[in-house]
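**Student:** All chains should be built: construct the whole structure from the sequences, respecting the hints.
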Amino acid sequence: MRDKVVKLAKIFSIFFRIGLFTFGGGFAMIPLIRRELVDKQGWIDEERFIDAILVTQTVPGAVAINLSIFFGYRLLGLAGAVVAAFAVALPSFLIILGFASFFNNFAGHSLVDNIFKGIRPAIVGLILYGGFQLSKSIKWTGSLVLITVLALLATSVLNISPVIIILLVLLITLIDHLLRGRRIIPDKGIQVVKEGQDAENIA
Amino acid sequence: MIYIILFFEFFKIGLFSVGGGLATLPFLKELIDKYGWITQEELLNMIAISESTPGPIGINTATYVGYSVGGILGGIIAVAGIVAPALIIIIIIAHYFDRFYERPLVKGAFMGVRPAVTGLIASVAFGLGRSELFNPGFTGLAFLNLKAILLFLIMLYLIYRYKKHPIIYIITAAIIGIIFKF
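From first to last, the protein sequence lines stand for chains A and B. Okay, so the first sequence: first residue is 1 according to my numbering, each after it adds one. Okay, so the second sequence: first residue is 1 according to my numbering, each after it adds one.
Since the hints were derived computationally from the structure, they do not count as laboratory data. Worth double-checking, as some hints may not be accurate.
With a straight-line cut-off of 30 Å between C-alpha atoms, the simulated DSSO-like cross-links for lysine-lysine are [unchecked claim]:
id	chain 1	residue 1	chain 2	residue 2
1	B	Lys163	A	Lys139
2	B	Lys147	B	Lys163
3	A	Lys136	B	Lys12
4	B	Lys29	B	Lys147
5	A	Lys139	B	Lys34
6	A	Lys136	B	Lys164
7	A	Lys136	B	Lys29
8	A	Lys136	B	Lys163
9	B	Lys34	B	Lys12
10	B	Lys163	B	Lys181
**Tutor:** As structure tokens, then:
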């Protein structure tokens, strides 16, 4: 029992630090997690570590949170997973609460207004570039381009919910999987982003 | 009950945003269009802050929206909502599957979703860009927000050309915003 509490406290402190120092998104935290869990603590071996990176990119949700849940669970079951997720999210939660109260106090202040009016066009650029980055990890085929264009038109022109679009694509994938003969989605169409690649812009 | 709606809406975002941080944006944009909990400008401000502080966009925005709607408890509930699907899914995978990624169906689903997510992210950029770079309701030259368009094009070029950390561009744009009184 005491061992378990000590280990939970350690999981908390490791993932809190990871949450606090990970700028630039989930992929930026991979070296940090490796150092803590593989090299320093020896809790996870190298092969399991790589497997975890692949899994956490494939399932929904932020990579940072996913990695923490995955390792937390492997280390100490459900309690480990919950504590790791809580610890990694806590720093951003506190920082944003700080910003939210700042905005409440300074909204309408002309300097703050100028700053954010300047920043917003740049953010539109960053989002556009983020989409471009994602597109580079795809080996395009005609049907994949069609999926992209349809998704774009369906949301921006027809106002169809992204939830519907993702569900439809998953359905198409399932059908494609069952009818192996004619493949819509090629087997090796998309590479998985490995450590070090595109660490930026994928927050 | 606002807290139940908050939890449910962010649970949905957590469940469907596959493929990295920006993948949450289409859902967040739909959410604010639907409920008006925060404005489009606030969403863009939050993305700027998310890119400049540690932590994923999803968590940061959930905190901000939840707090705006229902105080600190609202923030906690929204974050719990967005994290819950990952918690459930990953625990199931970690428990029952080994080498999960190598299953063909999983691989296929991942490959199919990425192009769709690319399209969805582009749609967010167009949607937010429309309100930032243009002045709806005006015609002719007044329709164009020339200062913002110029800044956008310069930034897009710099981002593409130099591939630096987003915080560099955000600070640069902030300074330009102050000097040229945006």
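**Student:** Now tell me if each hint is right for this structure.
**Tutor:** Against the structure, the hints:
Distance hint between B:Lys163 and A:Lys139 is fulfilled; the C-alpha atoms sit about 22 Å from each other, no more than 30 Å. In summary, the hint linking B:Lys147 to B:Lys163 is supported, as the alpha carbons are separated by about 23 Å, within the 30 Å threshold. For the hint linking A:Lys136 to B:Lys12, the alpha-carbon distance of about 27 Å falls within 30 Å, and the restraint holds. A distance of roughly 24 Å separates the Cα atoms of B:Lys29 and B:Lys147; the hinted pair therefore holds under the 30 Å criterion.
The straight-line distance between the Cα atoms of A:Lys139 and B:Lys34 is roughly 35 Å, outside the 30 Å bound, and the hint therefore fails. Restraint check: the Cα-Cα separation between A:Lys136 and B:Lys164 comes to about 17 Å, which is no more than 30 Å; the hinted pair holds. For the hint pairing A:Lys136 with B:Lys29, the CA-to-CA distance comes to about 24 Å; that is within 30 Å, so the pair holds. A distance of roughly 14 Å separates the Cα atoms of A:Lys136 and B:Lys163; the hinted pair therefore holds under the 30 Å criterion.
Restraint check for B:Lys34 and B:Lys12: satisfied, since their Cα atoms lie roughly 14 Å apart, inside the 30 Å limit. This hinted pair checks out: B:Lys163 and B:Lys181 have alpha carbons roughly 27 Å apart, not beyond 30 Å.
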